[in-house]
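Residue numbers (this note's numbering), protein chains in the order written: chain V, 1 to 336; chain B, 1001 to 1144.
Keep in mind the hints are simulated off the structure, nothing from the lab. Yeah, the Cβ is synthetic: ideal placement off N, Cα and C, and Gly gets one too. Be careful, since some hints might not be right.
[Stated by the list, open to error] Stretches of chain B that chain V covers, calculated by requiring three or more beta carbons in the stretch to come under 8 Å of a beta carbon on chain V:
id	stretch
1	1032–1045
2	1052–1064
3	1103–1116
4	1123–1129
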Amino acid sequence: MGLEEDNKKIEESMRETARKLLEDKEVDAVIGYTEGTLPMSSMAMVITRAEDVDKLIWNNYCYINLATYLVPRIAQLVDPEKGDLKVGVISKGCVGRAIIHLKVEGQLNLDNVKIIGIPCNGIIDRKRIEKEIGQKEILEVSTSGNEIIVKGRDFEEKFAFDEYILNVCKQCKVKSPPNVDDACVGECQEIESVSDDYSDLAEFEALSAEEKWNHITELLEQCTKCHACREACPMCYCNLCFVDQNKPIWFGKTTDLSDIIVFHLIRSIHLVGRCVACGACTSVCPMGIDLNLLIRKVERIAKDRFDFTSGLSSKVMPPMMDFSMNDSQEFMLEED
Amino acid sequence: MTQTETKTESEEWTPKIIAFLCNWCSYAGADLAGVSRIQYPPNIRIVRVPCSGRVSPFFIIKSLMDGWDGVVISGCHPGDCHYISGNLVARRRFGIIRDVLEFFGIEPGRVNFMWASAAEGERFAVLIRKATKIIKELGPIKKF
């Protein structure tokens, strides 16, 4: 069966679930995706009436992590009289994981959130397709079978779906959201842990320090420090992010290579044991930087050091919020 | 700058190392090393912090960015923390800082973590000697 039929089916059942939730007054609002203004784009949308559910869509361009809207810097889903609104969130696997992890970090109450689970088979990497197309304008995009068909004024190109999804989606092990505390309706799964061999990282990790540095600087030198990755990230909810802090100023605000590297370095450190590998940062990057390498490493550190995968359970404490007397300390300097 | 320092600088390169020492153990350990007249390399410049848990990744990365050739962080042994669990929280953080720095291509030897109690002047000196040797072999920091 082709992608199109799959997505249509998912879309139908998703709308049905959302309509039921709204009609039964189980939720006050549903956050979902709607058609974007350009081909290959999508936007987030909040609906509050059951008759609006047909505006919700699902396809392989829905790259936004909707959990971001649950913990904005200024609380928006609050009614002056009723208090916190009950919200349903259209959740692919990573959105569900993000919601669960935000709960573990004490950022939201799962009683107020309904995870409307949908299975996701990967998000199309539109930056890579745009790069392939070059300067020509894309007017229409459709999927058929296992192919992405991109049409413009005088060209038509086909791309293999499996190849042109986000690199981080290729490694995805949690396609539909985990069912935690019965907060999930729709397509969910019981999942305790995931196993991963991180074979995609092996090549990079075998490089010498000098080669790694060169590779990373080459990857990131395009960065303009627009902080779109931070805005799209469901885990970057701090009221005062370190990049905005000016007392003390930890690093420069310029696009010097050193300032860029420090930004991504600190951001990676902050995301260890928290990143849910949704790839939203990569999707929103205006310079088309693929942050897959950093996402995967950050996941790997949490897995190797603490055997932790974020967003799978509401009981397990994230590694950076916890400590133990028996932690490994092989890196500490010791007398010979 | 003393005369000896100028002399060594003209002869061969020696690293500049910033050391964050916890107030209760390692700082006192460094003091003991001094009082006991145990020799250790004069390359470290000490910053006293209340606890090794006070050392945030910013301290380390800012130091490297500002041109320090290496960083040493020292605190109380696990279980001895004045604030009960500060060094245990710090230990988790140190592990991931080290992993991420290594991934970015910054030699892990530039950032050294150690435990030294107030009674271990000798151990402190030995470890500082070792850290200085590692950083000296890596050479001056050229990144950032």
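Consistency of the hints with the structure:
1. 1032–1045: Since three or more residues must qualify, the claim that chain V covers the stretch 1032–1045 of chain B is violated, with 0 doing so at under 8 Å.
2. 1052–1064: Held - the stretch 1052–1064 of chain B has 4 residues with a Cβ nearer than 8 Å to chain V, which meets the minimum of three.
3. 1103–1116: holds (count 10)
4. 1123–1129: holds (count 3)
Checked against the numbered hints above, the structure breaks only hint 1 and satisfies the rest.
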